[in-house]
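Taken in order, these protein sequences are the chains called A and B.
At position 216 of the first sequence the residue is numbered 216 (my numbering), and the sequence of numbers has no breaks.
At position 133 of the second sequence the residue is numbered 133 (my numbering), and the sequence of numbers has no breaks.
Keep in mind that the hints were calculated from the coordinates and are not lab data.
Backbone N, C-alpha and C fix where the C-beta goes; we use that ideal spot for every residue, glycine too.
Be careful, since some hints might not be right.
[Said to hold, decoys possible] Taking lysine-lysine and the PhoX-like style, the derived pairs with C-alpha atoms no more than 20 Å apart in a straight line are:
1. A:K128 x A:K246
2. A:K130 x A:K153
3. A:K187 x B:K81
4. A:K130 x A:K35
5. A:K246 x A:K35
6. A:K98 x B:K216
[Claimed, not checked] Here are some chain B residues the structure puts well away from chain A; computed CB gaps all over 12 Å:
7. V29
8. F30
9. R36
10. V46
11. L123
12. I264
13. G278
14. R297
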Amino acid sequence: MQRSFVRRCGLVVAALALPVLLIGTGASAAPNTGKLASATLNGDGSTFQLGFNQVVIGSFKPVQKAVTVNYQGNGSGAGRTDFVNGVVDFAGTDAPYKSTDPQPPKPFFYFPTVVAPITVSYNLSDVKLKLSADTIAKIFSGAITSWNDAAIKTDNPRAKLPSTSITVVHRSDSSGTTANFTSFLTKAAPSSWTLGSGSTVSWPSGTQGATGNSGVAKLVKDTDGAIGYVDFSDAKASDLTFAAVKNSGGKFIPPNLGSAAGAAQGATVNPDLTYDPINATGAAAYPITSPTWILVYQDQSDANKGAAIVSFLNYIYDQGQQLATSIDYSPLPKSLLKQARAQVKKITVAAS
Amino acid sequence: MAAIAPPRENESPAPAPKGLGTGSRPPGVFTDHLFRWIALASGLLVLAILGLIAYTTTKNAWPWFRAEGFGIFADNWDPPKGQYGAGAMIYGTFLVGIIALVISVPISLGIGLFVTEVAPRRLRKPIVYTVDLLAAIPSVVYGLWALAVLTGPLADIYDSISSATSGIPLIGDITAEPSPTGLSYMTAGLIVAIMITPIITSLTREVFATTPQPLKEAAYGMGATRWEMIRGSVFPHSRGGVVSAVMIGLGRAIGETIAVALLIGSSQHISAHIFGPGDTLASIIANQFNEATGIQRAALIGMGVVLLVLTVGVGILARSFVNRYDRKSGAVA
Numbered sequence: 001m002q003r004s005f006v007r008r009c010g011l012v013v014a015a016l017a018l019p020v021l022l023i024g025t026g027a028s029a030a031p032n033t034g035k036l037a038s039a040t041l042n043g044d045g046s047t048f049q050l051g052f053n054q055v056v057i058g059s060f061k062p063v064q065k066a067v068t069v070n071y072q073g074n075g076s077g078a079g080r081t082d083f084v085n086g087v088v089d090f091a092g093t094d095a096p097y098k099s100t101d102p103q104p105p106k107p108f109f110y111f112p113t114v115v116a117p118i119t120v121s122y123n124l125s126d127v128k129l130k131l132s133a134d135t136i137a138k139i140f141s142g143a144i145t146s147w148n149d150a151a152i153k154t155d156n157p158r159a160k161l162p163s164t165s166i167t168v169v170h171r172s173d174s175s176g177t178t179a180n181f182t183s184f185l186t187k188a189a190p191s192s193w194t195l196g197s198g199s200t201v202s203w204p205s206g207t208q209g210a211t212g213n214s215g216v217a218k219l220v221k222d223t224d225g226a227i228g229y230v231d232f233s234d235a236k237a238s239d240l241t242f243a244a245v246k247n248s249g250g251k252f253i254p255p256n257l258g259s260a261a262g263a264a265q266g267a268t269v270n271p272d273l274t275y276d277p278i279n280a281t282g283a284a285a286y287p288i289t290s291p292t293w294i295l296v297y298q299d300q301s302d303a304n305k306g307a308a309i310v311s312f313l314n315y316i317y318d319q320g321q322q323l324a325t326s327i328d329y330s331p332l333p334k335s336l337l338k339q340a341r342a343q344v345k346k347i348t349v350a351a352s
Numbered sequence: 001m002a003a004i005a006p007p008r009e010n011e012s013p014a015p016a017p018k019g020l021g022t023g024s025r026p027p028g029v030f031t032d033h034l035f036r037w038i039a040l041a042s043g044l045l046v047l048a049i050l051g052l053i054a055y056t057t058t059k060n061a062w063p064w065f066r067a068e069g070f071g072i073f074a075d076n077w078d079p080p081k082g083q084y085g086a087g088a089m090i091y092g093t094f095l096v097g098i099i100a101l102v103i104s105v106p107i108s109l110g111i112g113l114f115v116t117e118v119a120p121r122r123l124r125k126p127i128v129y130t131v132d133l134l135a136a137i138p139s140v141v142y143g144l145w146a147l148a149v150l151t152g153p154l155a156d157i158y159d160s161i162s163s164a165t166s167g168i169p170l171i172g173d174i175t176a177e178p179s180p181t182g183l184s185y186m187t188a189g190l191i192v193a194i195m196i197t198p199i200i201t202s203l204t205r206e207v208f209a210t211t212p213q214p215l216k217e218a219a220y221g222m223g224a225t226r227w228e229m230i231r232g233s234v235f236p237h238s239r240g241g242v243v244s245a246v247m248i249g250l251g252r253a254i255g256e257t258i259a260v261a262l263l264i265g266s267s268q269h270i271s272a273h274i275f276g277p278g279d280t281l282a283s284i285i286a287n288q289f290n291e292a293t294g295i296q297r298a299a300l301i302g303m304g305v306v307l308l309v310l311t312v313g314v315g316i317l318a319r320s321f322v323n324r325y326d327r328k329s330g331a332v333a
């Protein structure tokens, strides 16, 4: 009785091990070019690039059938932390690591993927607004409380402004959108904006918080006299009106894909491909433009994963850039794209 | 009190089913031992889990406690400036809890009395089922429903209440500056009230149902009306149970997260304006945890510790109330 039990156990173990061995040998024999061997890439982080990533991942799947890419939008901060801890194969972030943050333990790359404008959207019927950074700062810090304030009139001498009181709507969840928006105000209106910048700031009492870009969009749409910052694709999807914002060259520029690309072009790109398009120079640059990056380690010790990630990045810089415009993200300017493609070649993949 | 605390386990076990024992032992002894150990392990597991949660969260939150000291109770939440006082959130947590109780307790007691004393027998079950059904709806559904349907009309109501009461001392201050979007302490409290009504109702209903029939009949025998009977017999008998039901409701209310996060408006300042935005411990954790690093992250975990302490504190308070009333009224638990 007992011996037969032992024998049966042995058979079960052998049966389980056999396919594993077969898969193991099969995978290592596959070539790195052309059709890739089976691999799963897990990434998480920035919700700002989530929409773009989903579309790119969806169209990458038929190209490399054996490769599965997963991306979870749980916030840039979570993405950077997970990347440091080695929980994910790549991470999405809207901001580079700060010197005070825990740093990734091994050499890694920033891969810029797309850019997009953040709109200043408002709910006032039949008014096309132009706003300077100073006026925006005063509105969002509560210094201006009604729409016919002198500062708004100065920016819009010809507009008919109602006496409606202003309702400020901000993100209640911590967000890269808030970080970029407040970073713009800190840079462009240092005297009027004293709340600092970050993914959460201490908004004045009486302002309204809503969850996510879509939450802010809904609240602005539903509330007469409301104003809020909403990313471009959500603002368009909710059919919001948005203001033209005065850039560093003194021009009022409406947010669109062209003016966002203009901001990326006007920004100074660091050797590690981090750059700051916020309040960038350039006559056609929209000043509140959000960058975003994918983080990847330089040394890829897993051959299959390494090959897959190189192929995925190349796809982003090829077909991905064309897909971007269809979902309201702006592709990278040519110079940056060239640098990014060169950086993909620096990834070292272990021999299989 | 038998309704809330499960009846104490009988010291001498009931005879176990036969046929499971082995060897010469009396049948049932082995399974009885097994049962005793499994029961003990389950009991200890709860304590162990609670202890582990308390330990790990406190450990992760330690940088916040060390950096802020008693400043954790300050009203100065401002991450870019490195200030992490949770005063506004603790205040908001209690304010939402109190609003929820003020709305929910009278309704829950009313339903409880209606079901046990007033309603015809065939109506009782459907009412109980319907109220219990409220408890089965997920928090996020309440939140999104309120956001889609309630906040707009509520904003108008708040606005008219506010203008009608402006100028009255105290009340005018409380109703001042209504939120134009409807997101406020009040809206959050209203939804939490709906969410805690089932638990308070089912607890009070069971407490009312334990009123001994002779007590009620004695009241009727003395010529009491139904309300006089309830006041003279049902209420004194169930006081401890009702207070404890309310406390359990409060415990649930202060822990509500997603619905509150959607509806409270996320303003981290102590404000007397109940129609204006605020924030609670649970909702700020849900909102800000994703992007938080460093001290801010420690602070958010630390607020979880504060919430745990508050919830346990409310629970202990509930117990002590129950014990005091039980002793006073001489009711047998």
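Hint-by-hint comparison with the structure:
With a C-alpha separation of about 14 Å, the suggested pairing of K128 (chain A) with K246 (chain A) holds against the 20 Å cut-off. Between K130 (chain A) and K153 (chain A) the alpha-carbon distance is near 10 Å, which keeps this suggested pair within the 20 Å criterion. A hinted pair counts as satisfied when its Cα atoms are at most 20 Å apart, and K187 (chain A) with K81 (chain B) qualifies at roughly 16 Å. With a C-alpha separation of about 52 Å, the suggested pairing of K130 (chain A) with K35 (chain A) is violated against the 20 Å cut-off.
For the given pair, K246 (chain A) sits about 49 Å from K35 (chain A) by alpha-carbon distance, which is inconsistent with the 20 Å threshold. This hinted pair does not check out: K98 (chain A) and K216 (chain B) have alpha carbons roughly 71 Å apart, beyond 20 Å. At the 12 Å boundary, the C-beta of V29 (chain B) stays outside the reach of chain A, the nearest C-beta of that chain being 28 Å off. Residue placement check: F30 (chain B) keeps its beta carbon more than 12 Å from all beta carbons of chain A (closest about 24 Å).
Distance check for R36 (chain B) against chain A: the nearest CB is about 32 Å away, which clears 12 Å, and the non-interface claim stands. No Cβ of chain A approaches the Cβ of V46 (chain B) within 12 Å, the least distance being about 30 Å, so the stated non-interface status holds. The beta carbon of L123 (chain B) is kept farther than 12 Å from every beta carbon of chain A, the shortest such distance being approximately 40 Å. A beta-carbon of chain A comes within 12 Å of the beta-carbon of I264 (chain B); the shortest separation is about 8 Å.
With a least CB separation of 9 Å from chain A, G278 (chain B) falls inside the 12 Å interface cut-off, contrary to its annotation. In this structure R297 (chain B) is not separated from chain A by more than 12 Å, as the shortest Cβ-Cβ distance comes to only about 8 Å.
In summary, the structure is inconsistent with hints 4, 5, 6, 12, 13 and 14 from the numbered list given earlier, while agreeing with the others.
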